[in-house]
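Could you put together the complete structure from these sequences and hints?
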Amino acid sequence: MSASARIIHLCVGLEGAPALQREPRNEVEFVEGKGIAGDKKFGKSASRHVNLISEQSYAWFKASFGRELKAPGGFAEQVVISRDLDINWLPLGARLKVGEAVLELVKPRQPCMHFASSVQAPSEELFVGHVGIMCRVLQGGEARVGDAVVVVD
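For the sequence shown, my numbering begins at 1 and goes up steadily by one.
Hint data in this document are derived by calculation from the structure and do not stem from the laboratory.
You can trust all of the hints, since none of them are fake.
The calculated lysine to any residue pairs, modelled on SDA-like cross-linking and capped at a C-alpha distance of 20 Å, are:
(1) 44 x 17
(2) 97 x 142
(3) 97 x 8
(4) 70 x 26
(5) 107 x 43
(6) 97 x 4
(7) 40 x 26
(8) 34 x 108
Written as structure tokens, this is what we have:
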């Protein structure tokens with residue numbers, strides 16, 4: 001694995017949409033201390049601004065459940081990166097340059113009680129370690145599908 005990857009998908013949650021539904025975007029604006037502009041969770045958490053996953057999560061889902069996940073956005077993720085960088089093995093506190101923005105890895109994502117039903121699985125506990133890392137936006141900036149994702153710290 002290298003210390004860099006590419007953005008494969010970007011997604012936002014729209015106000016009024018179902019809780020875990022995300023819509024794909026070609027580009028987004030990260031805002032320092034708040035999250036992704038236009039996302040329904042924007043500014044609602046002091047430390048959990050963005051969910052970042054690797055495309056490996058889609059392959060894991062298919063291998064585990066025998067079917068494709070509706071992607072992008074099927075895990076309620078906001079940023080999907082190529083499998084060139086395994087974010088699950090980076091230390092918490094690591095910083096990634098994602099397009100023009102800088103994100104800090106804060107904690108593994110814990111699926112909520114609605115998660116399993118949204119992907120038609122028996123339990124949300126099956127997904128721990130497979131649904132990404134919650135990140136804080138340390139430096140705002142634009143990001144586009146295809147932009148580099150680089151470990152900076």
